[in-house]
Amino acid sequence: MKNVLTVESVSKTYGKYTALNNVSISVPKGSVFGLLGPNGAGKTSLIRIINQITLPDSGRILLNGENLQPHHVLDIGYLPEERGLYKRMKVGDQALYLAQLKGMSYADAKKKLKYWFEKFEITEWWHKKIEELSKGMAQKVQFIVTVMHAPKLLIFDEPFSGFDPINANLIKDEILKLRDEGATIIFSTHRMESVEELCDYIALIDKSNKILDGKLNDIKQEFKTNQFEVGLACENKEVLLQDINAQFLTQNSPTLSFNEDVRLLVNLKEEESSKDLIQFLNNKAQITHFTEIIPSANDIFLKAVANNE
Amino acid sequence: MNKLKLIIKREFLAKVKNKSFIVMTILSPLLMVGFIMLMLFLNEKNSEEIRTIAVVDESEILTSVFEDTEATKYINLTSLGLDEAKVKTEELYYGLVYIPKNDSLKNLSEGISFYSVDAPSINVISSIEHKLERKIRDLKIEQLQVDIAQIKAAETKVSIASENFTGEKSSKVGSILRMIAGGGFGYLIFMFIIIYGTSVMRSVIEEKNSRIIEVIISSVKPFQLMMGKILGNAFAGILQFVIWAISAGLLMYLVSLIFGVEATTSSTAMGQMNPEMMQQVQDSASNNDLQIAFLEMKNLPILTIFFSFIVYFLGGYLIYSSIYAAIGAAVDSETDTQQFMLPVMLPLVIAIYVGFSVIENPHGPIAVAFSLFPLTSPIVMLMRIPFGVPWWQILTSMFLLIITFIGIVWFAAKIYRIGILMYGKKPSYKELYKWLKY
Chain A
1 MKNVLTVESV SKTYGKYTAL NNVSISVPKG SVFGLLGPNG AGKTSLIRII
51 NQITLPDSGR ILLNGENLQP HHVLDIGYLP EERGLYKRMK VGDQALYLAQ
101 LKGMSYADAK KKLKYWFEKF EITEWWHKKI EELSKGMAQK VQFIVTVMHA
151 PKLLIFDEPF SGFDPINANL IKDEILKLRD EGATIIFSTH RMESVEELCD
201 YIALIDKSNK ILDGKLNDIK QEFKTNQFEV GLACENKEVL LQDINAQFLT
251 QNSPTLSFNE DVRLLVNLKE EESSKDLIQF LNNKAQITHF TEIIPSANDI
301 FLKAVANNE
Chain B
1 MNKLKLIIKR EFLAKVKNKS FIVMTILSPL LMVGFIMLML FLNEKNSEEI
51 RTIAVVDESE ILTSVFEDTE ATKYINLTSL GLDEAKVKTE ELYYGLVYIP
101 KNDSLKNLSE GISFYSVDAP SINVISSIEH KLERKIRDLK IEQLQVDIAQ
151 IKAAETKVSI ASENFTGEKS SKVGSILRMI AGGGFGYLIF MFIIIYGTSV
201 MRSVIEEKNS RIIEVIISSV KPFQLMMGKI LGNAFAGILQ FVIWAISAGL
251 LMYLVSLIFG VEATTSSTAM GQMNPEMMQQ VQDSASNNDL QIAFLEMKNL
301 PILTIFFSFI VYFLGGYLIY SSIYAAIGAA VDSETDTQQF MLPVMLPLVI
351 AIYVGFSVIE NPHGPIAVAF SLFPLTSPIV MLMRIPFGVP WWQILTSMFL
401 LIITFIGIVW FAAKIYRIGI LMYGKKPSYK ELYKWLKY
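Chains A and B, in that order, are what the protein sequence lines are. Counting from 1, one number per residue, gives the positions in the first sequence under full-length UniProt numbering. Counting from 1, one number per residue, gives the positions in the second sequence under full-length UniProt numbering.
The hints are simulated quantities; they were obtained by calculation from the structure and are not laboratory data. Hints should not be assumed to be uniformly reliable.
Unchecked claim - List of simulated lysine-lysine pairs, BS3-like, C-alpha gap at most 25 angstroms:
id : chain 1 : residue 1 : chain 2 : residue 2
1  : A       : LYS177    : A       : LYS2
2  : A       : LYS152    : B       : LYS425
3  : B       : LYS3      : A       : LYS152
Nothing here was measured: the structure is a model prediction, and the numbers come from that model.
Bound-form chain B, shown alone (with noise of 0.2 angstroms):
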């Protein structure tokens, strides 16, 4: 226990000195936050422009409309007639607004036009719509004689929640949750397989290419040895995602607190409209939404999710990085790992890619099947979690999972014991078969 305790302190911390590590696991997080910072940058750069629009208004009835915003000035030049207002808009604005001459209400949206040097923003035309569209229906109904505070009160907005039999509620924006939480979680596995049983399988043949192994294994069984790395590696692994969780949590903090307001402004995208569109469309999508979203993330399976990430993180990464172990020990280089490395990696990528049709349909058969089957279920089945999943089916996915975890580890610490001392061979699939019989 000792000698476990020692190998894995060996193991974390050869990993952690190395430059690689330290390099990555403090550039991952500056680099992630770089390009966020450099979108809002972006965003920010492009709605500081001013834009200036001309406007020639030959109906004379929808001028007031054009009142300048914080990203767009306007400016009147029906005076000047549409001919002039051309020229001089070619050479100085953005765009030129025209609207004929039209007597009656009911033509006036008709002939509308906007002209500009290059192809104008959808934002800046569908803004211009907007605000006309509005203005004209005012004015229509004030021609009808209706009372427009009677048209708002009658304005209703329906948005259908959705709920199960056993009283969760779902939605559209539940389902995205959903799928952000399980996808999130089963992608971190299968990353956390792929680089850290990779680096178990090197730092074997590095023992293996040096020589030391059997220094070591006069002192410790093999057994001993391979546990202290798998686990030794691991934690270096949860180590550096830990530091990359809080520091790039941190630095989001630090980024929201520099360009926060702008920033939240900005990124909704909707710079042109007027207040009180803005708060119409709050109202009737993102308050609704945000509040169902909240309420989802409450009624969220958190507990399960969280206990099942840890045991199909373990099961799943123990399997794969002995599974990555026994191939270390049964080559001599890492070039010769390629023909071991297709049916270790098979069945992680089929993982990810039911994982997408687990999204559409998270209880079909092919889901179900390959969330109980040990080589995929780390990823699949906590892909389906979220969604509610009957817990005989997470346990027997469990129970097979443990099951083919001792099998596994049985079966590499075989080869790794024999492998390990094996020097100038290329085995072969038959080869690996002899030694587990050895």
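Excised from the complex, chain A in its bound form (with noise of 0.2 angstroms):
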């Protein structure tokens, strides 16, 4: 698959502090990709430099195969963290400013930015400044904004934060739409439920290095306890959890079920595969439930940073 952007061992300084050391990641054409880390590991020292607000000290940024260029600018759609509008101004020019710096022409801007506020159902904002809005307001300009010249490139730094669930909602599914459309998006955020929802691919930056990467799907396969669950129904419980003590490593589940006596979590070793368990427990006790441990974002991002202690 083509990569929309490769970020080759880039490293920075800020004086003596390491920003980013060495990182590299790719981005596939069309894929939503989690830029995920701890606050200040990095990401935003990242973000800041596709965007080319600062430069890196050595490695090299690629966008489309071409080595980033002040023209770039254009193909990338930036939401910052730390984001905001002129307070004094009014929605309609302050859209208008920012998509004609974004090189549309004015009249391209009116029409993109008519579209938008009729989607979003905003229309009657246009004359009314920035402070009259509430905060969940701008930030719907503020993600129009973003988007309105529809670039290859989205970057979108903690975008849900300030919207209520009905607007994160709405977010989320143009997110999505704009995905379906053709283009990339880099999606940092520290809520790994969405990760886990909307994020193909995935990039984690702990303490300045890159220390884990690639398909979501992939890392979880690899980040496997070969742990499992299981609910057995049985008549006599002491003799069941001997014989299973016996020949497994256990430990008790959080949860439990009505028709339910014993509920397990089973680590399996590396020689012992799922089905040997199957069978095992299939001679001792009637099975009613079984599932594999899926590791979470939530837990390969603790584990990688724990291990990367």
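Put the two chains together into one complex, using the hints given.
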């Protein structure tokens, strides 16, 4: 698959502080790419370098195979985490100004803005000043301003902050729609459930280094714990537990359903397969529940960062 | 280039549409003209009041001096006698001139008194003194049997016209004119730098506080944004000054149409002099000096002043406003700017003070030094230029100004670029120095 963005061994230091150390990532075309990491890991530094706000000390960035050049700012839409609009400027004027800075003509910008304002049902805000709007309303305007020039690459830094669940959903749908229309999305957030929902690929940056990247499913495979949750119905609970514990490493599961007597988390060893476990259990009791525990993005995040200590 | 134009346009409109800008622009000339009108009005009211002055002339030869004028009426109360006249005057009139009986012309000037309820105005007294002096002099001349016409013919007025060796005439009036021209332009630059430099700084802080800055600089270079801001504010400022100049001029013209005639007569403050004297005073002083002043005005190096005003205005404003922009970028709020403001204000204030000494000694070492030093030269050199400055000094000063301008803008742009993305830190000078190396 073609990569829209390639970051090759980028390093950046501020005085003695290293913000990025030899970081490389590839963002495939048409994907939603989650850029994850703890606070202060270097995500914003990387995003600013991609936006040509700062320059890397070493390494290079390719956009669609070309070295990053000033005109590429037109191909990128960026919603920074620290965002805002001119408080005393009218919504319409402001959006037109920002669109023109992104290289759109006045007429073109006006047409596009009309489309988006109608879509978000905010046409009546055109002549209002930002300071007259609520925070959530201003965020909508901000989102429109980010996407209106239909860039090939969209970078969202915590796009859902400041939105209520309804509007967050609206924005999420719009992001996915933009992806379907051919845009590539880089998505930086701390909200792991939205990573789970949206991202195809992720990269994890911690302490200025990239510690993990790839397809989300592959990473989950990699972080597979070989742990299974089983629910069993039987007559003699004590005997059953003794038998299982003799064979496998187990721990109690936090949940139990009505028709079960036993619920366990079973950790299999490398050489053991789930088939062995099922066979074993099937002989001892009635299996009411059997699932492989797949690590959540949250688990992966915590584990990877802990391993990097 | 196109983006820079967009930024300049936005900054210009943001400034011009601001309510305080509109209020200031409209109100200032009105206030100024209103003030002048008030002064004229008060002056007029003062001189409209008709004073009645009683005269008791026991010598009986000076009575003819007291002729009524527009502002003053005289009443001869000689027949009543001094004591009765005093009582009457206290009740009814402004004052009483008493001339005692005197047989000889020689002593006539002695013992003349003025009685009044309140302390009399100096103008009134001196005008009466003038009248009496002239009359007594004429009488004495007559007694000496000298022809008054001959005396008049012998009267001479000397006014020394000084001139420098290249043929430029100079005079006291000329010096004042130079002071006004140089001081005015210097002060204009000073005011402009402070007002619009601060406005650039505020605008940077506003962008930082509203957090729009990162959105903008993902589309344009920080340097473009800074320059756009500086130029946009400058255009707004120039517009404001032009509006002030034009509207003040128009209003003054209107005022002079309405108040014109009275204003000129009353403002001479010589209302009580007789026409002959007025003529003489004008002949001797005003006319000559006015002529010289006009000549001087023509002789001022107007082209040099104009050209250097533009250079120093641009240079000075750009240097200081980029420093202001850097300060705005370095801080989070206007209250944090204090520690950086002093070093910026200091050279400006020094320049104005040096400017005063320039007027006394335009070519002294202090004046020369500060007119070369680029942080003060825009003000000090402009104050010196009307007095004539050698070309090498102007060129050196401009050269230094341009070099400094480039250096400061480079320096400010670096601070600006880093500062606009820094939040929550109260920067020290050490911190700023570190930013230069990022």
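Structure-based check of each hint:
Taking the CA atoms of LYS177/A and LYS2/A, the gap is near 20 angstroms; set against the 25 angstroms cutoff, the hint holds. Proximity of LYS152/A to LYS425/B is assessed by CA-CA distance (about 35 angstroms); at most 25 angstroms being required, the pair is judged violated. Simply put, LYS3/B and LYS152/A have alpha-carbon atoms about 21 angstroms apart, close enough for the 25 angstroms limit, and the pair holds.
Violation of the numbered hints given earlier is confined to hint 2; every other hint is satisfied by the structure.
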